[in-house]
Amino acid sequence: MSNRMTNIVVPVLAVILGLIVGAIIMAISGYNPVVGYQALWEGILGDSYNIGESVRTITPYLLAGLAVAFAFRTGLFNIGVEGQLIVGWFAAVWIGVVFDLPMIVHLPLALLAAAIAGAIWAFVPGVLKAYLGVNEVVVTIMMNYVALHVTNALIKNMSDGSDSTERIHESASLKSSFFEQITDISRMHNGIFIALLAVFVIWFILQKTTLGYELKAVGFNRHASEYAGMNVKKNIVVSMVISGALAGLAGAMEGLGTFGYVAVKSGFTGIGFDGIAVSVLGANSPLGVVFGATLFGSLKYGAGNMPSAAGIPEELVSVIIAIIIFFVASGYIFKLLLEKFSKKKEVK
Amino acid sequence: MKKRTWFLMTLLLSLGLVLAACGGGDDEGSKSGDNGDGDSEDKFSVAMVTDVGGVDDKSFNQSAWEGIQEFGKDNGLEKGDGGYDYLQSKSDADYTTNINKLIRRGFDLIFGIGYLFEKPMGEIADQRPDSQFAIVDGVVDKPNVASILFKDHEGAFLAGVVAGLFTETNKIGFVGGMEIPVIERFESGFRAGVQSVNPDAEVQINYTGAFDKAELGKAAANQMYSSGVDIIFHAAGATGNGVFNEAKEIKQKDPDANVWVIGVDRDQYDEGAVTVDGKEYNVTLTSSLKLVSVGVKDVSERTMNGNFPGGETIEYGLKEGGVGIADSRGVLSEDILAAVDEWTDKIVNGEVVVPQTYDELEAFSAE
Numbered sequence: 001m002s003n004r005m006t007n008i009v010v011p012v013l014a015v016i017l018g019l020i021v022g023a024i025i026m027a028i029s030g031y032n033p034v035v036g037y038q039a040l041w042e043g044i045l046g047d048s049y050n051i052g053e054s055v056r057t058i059t060p061y062l063l064a065g066l067a068v069a070f071a072f073r074t075g076l077f078n079i080g081v082e083g084q085l086i087v088g089w090f091a092a093v094w095i096g097v098v099f100d101l102p103m104i105v106h107l108p109l110a111l112l113a114a115a116i117a118g119a120i121w122a123f124v125p126g127v128l129k130a131y132l133g134v135n136e137v138v139v140t141i142m143m144n145y146v147a148l149h150v151t152n153a154l155i156k157n158m159s160d161g162s163d164s165t166e167r168i169h170e171s172a173s174l175k176s177s178f179f180e181q182i183t184d185i186s187r188m189h190n191g192i193f194i195a196l197l198a199v200f201v202i203w204f205i206l207q208k209t210t211l212g213y214e215l216k217a218v219g220f221n222r223h224a225s226e227y228a229g230m231n232v233k234k235n236i237v238v239s240m241v242i243s244g245a246l247a248g249l250a251g252a253m254e255g256l257g258t259f260g261y262v263a264v265k266s267g268f269t270g271i272g273f274d275g276i277a278v279s280v281l282g283a284n285s286p287l288g289v290v291f292g293a294t295l296f297g298s299l300k301y302g303a304g305n306m307p308s309a310a311g312i313p314e315e316l317v318s319v320i321i322a323i324i325i326f327f328v329a330s331g332y333i334f335k336l337l338l339e340k341f342s343k344k345k346e347v348k
Numbered sequence: 001m002k003k004r005t006w007f008l009m010t011l012l013l014s015l016g017l018v019l020a021a022c023g024g025g026d027d028e029g030s031k032s033g034d035n036g037d038g039d040s041e042d043k044f045s046v047a048m049v050t051d052v053g054g055v056d057d058k059s060f061n062q063s064a065w066e067g068i069q070e071f072g073k074d075n076g077l078e079k080g081d082g083g084y085d086y087l088q089s090k091s092d093a094d095y096t097t098n099i100n101k102l103i104r105r106g107f108d109l110i111f112g113i114g115y116l117f118e119k120p121m122g123e124i125a126d127q128r129p130d131s132q133f134a135i136v137d138g139v140v141d142k143p144n145v146a147s148i149l150f151k152d153h154e155g156a157f158l159a160g161v162v163a164g165l166f167t168e169t170n171k172i173g174f175v176g177g178m179e180i181p182v183i184e185r186f187e188s189g190f191r192a193g194v195q196s197v198n199p200d201a202e203v204q205i206n207y208t209g210a211f212d213k214a215e216l217g218k219a220a221a222n223q224m225y226s227s228g229v230d231i232i233f234h235a236a237g238a239t240g241n242g243v244f245n246e247a248k249e250i251k252q253k254d255p256d257a258n259v260w261v262i263g264v265d266r267d268q269y270d271e272g273a274v275t276v277d278g279k280e281y282n283v284t285l286t287s288s289l290k291l292v293s294v295g296v297k298d299v300s301e302r303t304m305n306g307n308f309p310g311g312e313t314i315e316y317g318l319k320e321g322g323v324g325i326a327d328s329r330g331v332l333s334e335d336i337l338a339a340v341d342e343w344t345d346k347i348v349n350g351e352v353v354v355p356q357t358y359d360e361l362e363a364f365s366a367e
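Here the protein sequences come in this chain order: A and B.
Each step along the first sequence adds one to the number in the working numbering, with nothing skipped, and position 258 is 258.
Each step along the second sequence adds one to the number in the working numbering, with nothing skipped, and position 110 is 110.
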């Protein structure tokens, strides 16, 4: 089977397998899997409101997944997408609240601020990794906590001790009255265009530019790249910075689109961590991320309908969704095993 | 390199799975309820959205749900569409979707429980001007939203009266969660209560900075009890569980130890139970109650009878039965209970106005 084929077939089979196991679990627990999956389906695509909210859920997953996938191509594990997303969220809202500018300047400025904030947050572990060899996994995880608590403090500071900032000015908002109209006032917003544009840009960078070629080369073999005259250290930093900028934009989707403000958080949003799963589901490729984010986002949002419409307890719903994702992820392991196995044979 | 890739890939996968599982709990909205086939046009139907605490949080979400259940029973409603129901939020992204889901299921009145609903509800109230909403513990100034507030400080004042009269060491503790206006209200009311009946008593204040860190509550309680404090009032949510734990540990070592806790929001008697050598003790002196159920039920009834208090802010205090203190199960003497009744009357009459802020507390002390 060609590489491209396995990349497509394996996840699809894995999803089907996951659905079957989920159905068995529902049946064993005494619930009707057909009714359950029907509720799930309707929760995702049942009516215009649900479609809008599904897209709304998918939007930040696209960018968070891209962020993880991009860094991974250079052999880096950006576990700090969560923290970069949080600082991006805050930066976007800060620009949105404090300034009052015409939309043509304000919205791009807010998006840019989010991207820069995320980039700075990723720059630190990038530099530490490139020049001092500090493991980026550890640094990024720790930076997540710093991001969470620093933004919480800043939010309080900015809003005179209250728990959430004011609403952003309309001129910085991604809200779309057109989408609201056609989706019965769901929170679907224009951010989906930005996310899809980002998918295209990242695909372009990776496939069509020298920079992308170098980044991938560093990911494949750092020493060979260095020998070939590439600046490995620079490439590592650049990769982290672009990854962080994408994560920051994911935060802007929440700040400028879904919520329109930022509130003190008692814990992580989970979007950044889910981004790792999205990236893995998508085999770390930009187009794969679209698949991963769509699957992840719609399952997450649609599952909310299962307790309501099918009477399945929420705990069981969490189990079923986790199993579907588990199978998709392990499908990838099987694929790797297969590849390794067949390569060994070839050598012999 | 291949080995490294393999190892890293596995690492990434497992991390991804673990982290995805951790984060996973947050978003999967979790709606509950049977899909009843009630006819929403005949009967009045009511529903609520919890914040992330859920209906079994042993605190105000639970109390609100109890109020709705009571209302449903009184009026012969069934759980599900056209009757009464709740949806649970797993993250703040769920507030808006949950409210919208309930609107679409045709509920006549929808409650948002907690001040976190202020922004989402304000927005939806504009988008759906024909729906009726109510918010607990927050204020949304919209014609189709009723705001329900509680005079926590009056309940805290009575707790202060109890503590001031009951203390033997004249040292009393207050453990707060975060330094926010709500907790300032508790502290001011409590200190005013202590002062009113026992001006000599010293109140030690400790803010732990969190509502979910039991270990900080435990450390604060340890410090207070070892400095001679015998009663601690906590307004710290789950952090307060640490206060209970510390008191129970002391009791376990020495059953005769004179350590007490005053609970908050609901009757925390069960939290204080401890068994030493087969004998049962309880460290809960009483609890300052905030009866969210009373407010929720009252607003539901008013709305059902066509008097939806939209655009109004309704405050439930001692007078309305919205706050109070819990049964002490015989620990408090008749004298103390009589004093509590006396102060309750004074507050209900308006003779005493309980302070809500530090400034008001200062003015109160000066009198």
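Quick caveat, the hints were computed from the structure, so don't treat them as lab data.
Do not take every clue at face value.
Claimed, not checked - Straight-line distance between alpha carbons at most 25 Å, and here's what the computed DSS-like set of lysine-lysine pairs gives:
1) Lys-142/B <-> Lys-175/A
2) Lys-213/B <-> Lys-265/A
3) Lys-43/B <-> Lys-58/B
4) Lys-265/A <-> Lys-58/B
Stated by the list, open to error - Non-contacting residues of chain A with respect to chain B, defined by C-beta distances greater than 10 Å in every case (computed):
5) Ile-20
6) Tyr-49
7) Ile-185
8) Leu-197
9) Tyr-213
10) Phe-259
As the list claims (entries may be wrong) - So, partial list: chain B residues that the calculated Cβ filter (under 10 Å) puts toward chain A:
11) Lys-119
12) Arg-128
13) Ile-336
14) Ala-338
If you're wondering where the values come from, they're calculated on a predicted model, not measured in any experiment.
Glycine included, each C-beta is placed from N, C-alpha and C at the ideal position.
I'd like to know which numbered hints this structure contradicts. Please list them from smallest to largest.
Failing hints, ascending: 3, 6, 7, 10, 13 and 14.
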